[in-house]
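As they're listed, the protein sequences go chains A and B.
Under the numbering used here, the first residue of the first sequence is numbered 69, with each subsequent residue one higher.
Under the numbering used here, the first residue of the second sequence is numbered 69, with each subsequent residue one higher.
Calculated directly from the structure, the hints in this document are not laboratory data.
Please read all numbers here as calculations on a predicted model, not as lab measurements.
Where hints are given, some of them may not hold.
Which copy is meant is left open, because identical chains are indistinguishable; a pair holds if it fits in one copy or across any two.
[As the list claims (entries may be wrong)] In silico DSBU-like pairs for lysine-lysine, Cα to Cα no more than 35 Å straight-line:
#  : residue 1 : residue 2
1  : Lys159    : Lys499
2  : Lys159    : Lys389
3  : Lys421    : Lys349
4  : Lys499    : Lys349
5  : Lys499    : Lys389
6  : Lys499    : Lys198
7  : Lys421    : Lys198
8  : Lys198    : Lys349
9  : Lys159    : Lys198
10 : Lys389    : Lys74
11 : Lys421    : Lys499
12 : Lys74     : Lys198
Protein chains: 2
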Amino acid sequence: MDETVKYTLDESRLPEAWYNVAADLPEPPAPVLHPGTGQPVGPDDLAPLFPMEVILQEVSTDERIPIPEEVRDVYRLWRPTPLYRARRLEKALDTPARIFYKYEGVSPTGSHKPNTAVAQGFYNAREGVKRITTETGAGQWGSSLAFAGQLFGLEIDVYMVRISYQQKPYRRALMETFGARCVASPSEETASGRAILAEHPDSNGSLGIAISEAVEMAVQRDDTKYSLGSVLNHVLLHQTVIGEEAIAQMDLADAYPDVLIGCTGGGSNFAGLVFPFIGQKLRGGADMRVIAVEPAACPTLTRGELAYDFGDTGHLTPLVKMHTLGSTFVPPGFHAGGLRYHGMAPLVSHLHKLGLIEARAYHQTQVFEAGVRFARAEGIVPAPEANHAVKAAIDEALRCREEGVSETILFNLSGHGHFDMAAYTDHFAGKLEDIEYDEAELATALAALPPVAV
Amino acid sequence: MDETVKYTLDESRLPEAWYNVAADLPEPPAPVLHPGTGQPVGPDDLAPLFPMEVILQEVSTDERIPIPEEVRDVYRLWRPTPLYRARRLEKALDTPARIFYKYEGVSPTGSHKPNTAVAQGFYNAREGVKRITTETGAGQWGSSLAFAGQLFGLEIDVYMVRISYQQKPYRRALMETFGARCVASPSEETASGRAILAEHPDSNGSLGIAISEAVEMAVQRDDTKYSLGSVLNHVLLHQTVIGEEAIAQMDLADAYPDVLIGCTGGGSNFAGLVFPFIGQKLRGGADMRVIAVEPAACPTLTRGELAYDFGDTGHLTPLVKMHTLGSTFVPPGFHAGGLRYHGMAPLVSHLHKLGLIEARAYHQTQVFEAGVRFARAEGIVPAPEANHAVKAAIDEALRCREEGVSETILFNLSGHGHFDMAAYTDHFAGKLEDIEYDEAELATALAALPPVAV
Chain A
69 MDETVKYTLD ESRLPEAWYN VAADLPEPPA PVLHPGTGQP VGPDDLAPLF
119 PMEVILQEVS TDERIPIPEE VRDVYRLWRP TPLYRARRLE KALDTPARIF
169 YKYEGVSPTG SHKPNTAVAQ GFYNAREGVK RITTETGAGQ WGSSLAFAGQ
219 LFGLEIDVYM VRISYQQKPY RRALMETFGA RCVASPSEET ASGRAILAEH
269 PDSNGSLGIA ISEAVEMAVQ RDDTKYSLGS VLNHVLLHQT VIGEEAIAQM
319 DLADAYPDVL IGCTGGGSNF AGLVFPFIGQ KLRGGADMRV IAVEPAACPT
369 LTRGELAYDF GDTGHLTPLV KMHTLGSTFV PPGFHAGGLR YHGMAPLVSH
419 LHKLGLIEAR AYHQTQVFEA GVRFARAEGI VPAPEANHAV KAAIDEALRC
469 REEGVSETIL FNLSGHGHFD MAAYTDHFAG KLEDIEYDEA ELATALAALP
519 PVAV
Chain B
69 MDETVKYTLD ESRLPEAWYN VAADLPEPPA PVLHPGTGQP VGPDDLAPLF
119 PMEVILQEVS TDERIPIPEE VRDVYRLWRP TPLYRARRLE KALDTPARIF
169 YKYEGVSPTG SHKPNTAVAQ GFYNAREGVK RITTETGAGQ WGSSLAFAGQ
219 LFGLEIDVYM VRISYQQKPY RRALMETFGA RCVASPSEET ASGRAILAEH
269 PDSNGSLGIA ISEAVEMAVQ RDDTKYSLGS VLNHVLLHQT VIGEEAIAQM
319 DLADAYPDVL IGCTGGGSNF AGLVFPFIGQ KLRGGADMRV IAVEPAACPT
369 LTRGELAYDF GDTGHLTPLV KMHTLGSTFV PPGFHAGGLR YHGMAPLVSH
419 LHKLGLIEAR AYHQTQVFEA GVRFARAEGI VPAPEANHAV KAAIDEALRC
469 REEGVSETIL FNLSGHGHFD MAAYTDHFAG KLEDIEYDEA ELATALAALP
519 PVAV
């Protein structure tokens, strides 16, 4: 029996539309509010930040939104991505479960992030934007937007969380290779950066701070917009190309998932895989369990509150209703930098409230153990973020063994770990710790949530 | 017009056989000699080092050697690899040339090396070998053999050039993730290592030294063999899966190369692409130019001698006739670690002598400039080694522009640069230098070539 089972789609089957879960929800998600008035924001409020096409996608309830040909043309550099059956892992686990994974690590930056970077780059360029500002944590997003900016002739300014800027020079080099400018955040370039530095000259930065800086720079110039790599509806929408392909590939495998799994930071790779399947269920298709996996050190879905909150630390963004740890909460340093955000995508939060998804949290040592186990069986070294999904998939497969049931598990292997080998080095040296967040800080941050009726 | 033009082969078209250029040569390559007797070695002389199937392949003159199903099964994890037309690069260069590239960076370790690692791992396992020793420079080869060893249940011991062991901890982490043991070379584990350390306690090591250590360890135990990642005939043979796929893909593109390009360290990725095309030419097919590109700091083909020489510094290996800088020559440190070997594959050397290939050398600053240019146009960041091929492809395309001719260029993009971003960081910081080798050291090394009649 062949041990490698890979389902590839011909380029002709690259999806022609993204799937919009908002079209099928039994209850609409809460509106985005203007922080000054407390009233729902309209397109004009968002126009300084985003191109109009993106704003319309943010509020659209159309079930399918066509992918522009120019975006599909770039997607074809690496898409359709492969879907594998993890037969060697199944054997190593001695499980009756069938484990499948969708692999997004074949993209030019090694993760799922270019799926939305390319779309946002295209829409901005088409509407005459010359420059985009953004933030990045570990650098997956910044490098992906840099890649897209280069292809569409856009200037890209990336505010990179200072601790990552210092500790992860390689993703910074990747951004510069693609022609982007990368600035350590907090910086002296913005009022919000200077305010933080005045109080904390040695600030390590955070995603919330970097967002404030990027937003501040975007609204200052007419030719400049802002871009976000996760959380917002349009970002999740663009990522559904993952799930749309996976549906076709599971069909080739003559299988359908009983359990769907993805890791969650802002929520976009998770949503990208699972929303199209949830859509099928909402339209009368088969039922399944859907598991969002987050780090125990930044437990947005499992320990945060579902409340209106700011997306950034400087409170420059609109208010969105989401699972949040509070916009002033600074997650401790751990190795899955892509999962260190205080909030969760409003749509993911909403689906959690509707009972369509469940959530669980893991500590990083067990997550890296799972990643090594996966690499030794399947030959692909996952990114630290993706290791969270791997851990949950392994646990579900072991449950199947205990229960003697042959369920079908599908998870999103959202990126490779080639940029993150320092974390594996720490893991093998026994230097990884199970980092706890600060309970008192969390309580303070949650108590400081803005007073908006939920 | 679509800018992304990618030629993918269906899995069903994964080659069923490797191509052996020895079958078609007008003049056979010189035999490998026993260093003691000066006589051609027989299979029994090599048996302590290699499994018998590999030894037979080393001397085979069969035109096609079937790829075992177990090897094809693992190949299917990432093969067939894509072949692209670099239309965005063509546009950026304003050239009438058509530029194609075969992309091997989609493999689990990000380079072409697993093509032979998997084959060697399989043959060793089938013949009952329990442990394989090998050397590695920058770590591409060591991590690939570690990957293969894990899949076939083999223990892998890697002697890694000390300077790379210290400067490139991430590829070491990759080896350990795949379960291999990685030792800095020269080490205290071997007589050859101890001899070097006695004289040079601070030795940075070299591939030649690491080979001596790996060979020494292999011959000591019956359950242990040695494995080499380049240079030898069977290694080049396994890499021809690249060219066999490329022939089918160029056919899909309705094109045929006028110019073939690959970078050369030991010669295997170059040979893997070009040998199948040269075979077609030798059997009456179309003519083309074939260019081997090497670093000016380690100019084996352009400045070395075609002579019998040892493959290692400790003179434990048989003598092979190859372009060499002398086995005592230690190339200076530069960023394409995979190209720092004193010799060149005997088959590549032989084809150069027969006039079937030409060679050129570039300095590393111009090579990195070419790599950045490529990344900004095509979205893929090449490995420093592959940048040599990129530079030659760009130069050929610019020549076509000057001459007003529309030639078809095909080069091997043998790996991605995600593990090598430190080199790009140095490049952007202006820290890369055009390193010259030591002329006096080269003269000394060449004068010390073993006295074998050529």
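Results for each hint:
1. Lys159 - Lys499: within (30 Å within a copy, 49 Å between copies)
2. Lys159 - Lys389: Answer is neither; intra-copy 43 Å and inter-copy 46 Å both fail.
3. Lys421 - Lys349: Classified as within: same-chain Cα gap 17 Å, cross-chain 66 Å, threshold 35 Å.
4. Lys499 - Lys349: neither (43 Å within a copy, 56 Å between copies)
5. Lys499 - Lys389: neither (37 Å within a copy, 48 Å between copies)
6. Lys499 - Lys198: between (44 Å within a copy, 31 Å between copies)
7. Lys421 - Lys198: This pair counts as neither: shortest intra-copy Cα distance 39 Å, inter-copy 54 Å.
8. Lys198 - Lys349: Cα proximity of lysine 198 and lysine 349: none, with 41 Å in one copy and 50 Å across.
9. Lys159 - Lys198: between (52 Å within a copy, 21 Å between copies)
10. Lys389 - Lys74: neither (39 Å within a copy, 42 Å between copies)
11. Lys421 - Lys499: neither (37 Å within a copy, 54 Å between copies)
12. Lys74 - Lys198: For lysine 74 and lysine 198, the Cα distance is within 35 Å only across copies (29 Å; inside one copy 41 Å).
Hint compliance for this structure: hints 2, 4, 5, 7, 8, 10, 11 are broken, all remaining hints hold.
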